[in-house]
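A.B. asks: What follows is each chain in one-letter form.
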Amino acid sequence: QQQVKQSPQSLIVQKGGISIINCAYENTAFDYFPWYQQFPGKGPALLIAIRPDVSEKKEGRFTISFNKSAKQFSLHIMDSQPGDSATYFCAASKRWYGNKLVFGAGTILRVKS
Amino acid sequence: DAGVIQSPRHEVTEMGQEVTLRCKPISGHNSLFWYRQTMMRGLELLIYFNNNVPIDDSGMPEDRFSAKMPNASFSTLKIQPSEPRDSAVYFCASSFAGLNEKLFFGSGTQLSVL
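Protein sequences appear in the order of chains Y and E.
Residue numbers for the first sequence, in this note's numbering: 1 to 113.
Residue numbers for the second sequence, in this note's numbering: 1001 to 1114.
To be clear, the hints were calculated from the coordinates, so they are not data collected in a lab.
On a predicted model such as this, the values are computed, not experimentally measured, just so you know.
Hints should not be assumed to be uniformly reliable.
[What the hints assert, rightly or not] Restraint-style ranges between C-beta atoms, simulated for each label pair:
#1 E:Lys1102 x Y:Gln14: 28 to 38 Å
#2 Y:Asn27 x E:Pro1081: 51 to 61 Å
#3 E:Gly1028 x Y:Lys94: 16 to 26 Å
#4 Y:Lys94 x E:Ala1072: 22 to 32 Å
#5 Y:Arg110 x E:Thr1038: 17 to 27 Å
[To be verified] Using 30 Å as the maximum straight-line C-alpha spacing, the simulated BS3-like pairs for lysine-lysine come out as follows:
#6 E:Lys1024 x E:Lys1102
#7 Y:Lys94 x Y:Lys71
#8 Y:Lys68 x Y:Lys100
#9 E:Lys1078 x Y:Lys100
#10 Y:Lys15 x Y:Lys57
#11 E:Lys1024 x Y:Lys94
#12 Y:Lys57 x E:Lys1068
#13 Y:Lys42 x E:Lys1078
The beta carbon of each residue, even a glycine, is placed where N, CA and C say it ideally should be.
For reference, chain Y alone in the conformation it holds in the complex (with noise of 0.2 Å):
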């Protein structure tokens, strides 16, 4: 059972360009989002998270925008560099089971210079 579905698989972008990547979960129990980075050869890290008290979060060039009604939430890079070439994974987890994350499969995000 897929209860978060991350598209699109892949992205490319030119630099300076906007990069969306979008995520839908089912389980309306589940109260926290965050987007993790992965680089090759690394594991996952925390780049930004969200709760649905609020419908944006903004931290530097990376934004999560997020639709309750919708079970819909967003992950906006800004002015996107090569650096930010990366997979990028949405996750969803009901916060009062610790951090018991699921994942979607992950957005391979290319930046051409």
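For chain Y, the structure is supplied; the task is to place chain E on it using the hints.
C.D. replies: Using the frame of chain Y, we list chain E on its own:
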């Protein structure tokens, strides 16, 4: 802070052999997770421990897989006997399941079963 430490980084073994993966979580973290990453199935949670006690092992594929956490600073994931379909990257992660919900991953063990 040395982060989550996994060993070995790479493991190549033959089908039928026993494989043991090791993990040292971040000091002070009380939750530990084993994930498996493959192209086909993405990141899958295998098992997680809270305060050294296994809480949920529903993701463990079959009886060939076992995990232990004898103390707060060490965990193992064992596969016996190993099979080619076990080839994957295995990640260990740790966190403090409180207000800070960051989950820190190790660099993973690339396992190849021939």
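A.B. asks: What are the numbers of the hints the structure violates, in ascending order?
C.D. replies: Violated hints: 2 and 12; rest satisfied.
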